[in-house]
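**Q** So the chains spell out like this:
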Amino acid sequence: MNLTIDPGLVVWTLITFAGLLLVLSRVAFKPLQKILSERERLIEESLRKAAEAAEEVERIRRRNEEAMGAARAEAARILEESRHLAAEARQESLREARREAEAILAEARNEMDREIRRGLDELKQTVANLSVRVAQEVIREEMNPERHEALVKDFVERLKRAS
Amino acid sequence: MQEAIRRVWIPLPRVAGIDMSVTNDVALLWVAAALTFVVLLPVCRRRTLVARGFYQNLVEGLIELVEREIVADSVGRRGRFWASFLLTLFFFILFSNLLGLVPLPQVFESVTADINVAAALALMVFGVTVFLSIRRRGLLGFARSFLPAGVPWWLGFLVVPIEIISWVARPISLAVRLFANMMAGHALLFVFIGLAMGSVALLKPLPLAGAIFMDVFELFVCFIQAFIFTMLAGIYIREAMEET
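Protein chains in written order, with the working numbering: chain A, 1 to 163; chain B, 164 to 407.
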């Protein structure tokens, strides 16, 4: 600590400071300003890129949402169409089955009719045969010479009347 | 309070009646300047976009503090030279202050605790503001600025002396604030150390603890005084640049 006035020290202070200022401003502060400006530019660029990236992310998110919405709608449409087609196919299958069943039924009916007719024919034949046989048996049982002769006479008589 | 002994190291002839011999105080100025250079240069020339390591972060933090709190508010981007001026002023005063904390009182002392150094720095700031003001407004405009617009001319006899006093008070307040703070802090530190050395063994820890506390406090004061001086210089420069 010194209170003595020393003009030499005042001048040396000014000279020293001026020299230091000149040297520092040339060799230290100029590169520093450059690097600080570069850092500032880098930070601004990083912030700008971050903002752009955020916008891009938002844009992609919106696009994805739109695509998801479209995909959901397409899936719903396909599902609905599939249901519709399945219902149509089921109806068609039912119709086809019904047609086949009806055809089979009709064929069965025809076959049945045929069988019934054949059966009836066979039955008629059998009944006729049995009738003949029964008739033969009856005739054999009831015919005697007197009866036989009476029948012949009766036949001849009717024949005569007819002629 | 014992005055520091001024020792002539390199005798030089007088220039315009001023003794330009290199004394121990001048050598301390050079030490402070050399420290400023040695501390700032590696950091300023390290071309990394991101500060790495404690040292680089500390120095860059101080640089950015001055840039943000003082330069941005005073010269801004209008003059990189004046930004360099304020940065140099801050670090030069800081290291000049810190020299007093080196525990070798016979060799190192705060050069800013010398009124000549504090006055030289304050006069330099004053000269810069006058120069910038005259460059901005011209000599006549500068003279007219002592009578602010809107003040009646007949009040000039009262206002002009007040304005002149306010201008002249600037370097005085700058110099005295720096000088007094550094001198008082160091004087108090010496008082505690003297008490610690002179007291009986049982009581030695008390003044020693006071000296340690004052040492830490002085570190803070060194920084604050450098910051205040630079901040006021920045404000004066801004006023000189903005004067209309």
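What the hints contain is simulated information worked out from the structure, not anything from laboratory work.
Here a beta-carbon is modelled for each residue, glycine too, at the ideal position from N, C-alpha and C.
The reader is advised that the hints may include incorrect statements.
[Unchecked claim] Here are some of the chain B residues that sit facing chain A, going by a computed Cβ distance under 10 Å: (1) Trp-193; (2) Thr-211; (3) Asp-277; (4) Ile-278; (5) Phe-320; (6) Val-323.
**Q** None of the hints should be skipped; say for each whether it holds.
**A** For each hint, the structure was consulted:
| no. | hint | result |
| --- | --- | --- |
| 1 | Trp-193 | holds, 6 Å |
| 2 | Thr-211 | holds, 8 Å |
| 3 | Asp-277 | holds, 4 Å |
| 4 | Ile-278 | holds, 6 Å |
| 5 | Phe-320 | violated, 33 Å |
| 6 | Val-323 | violated, 28 Å |
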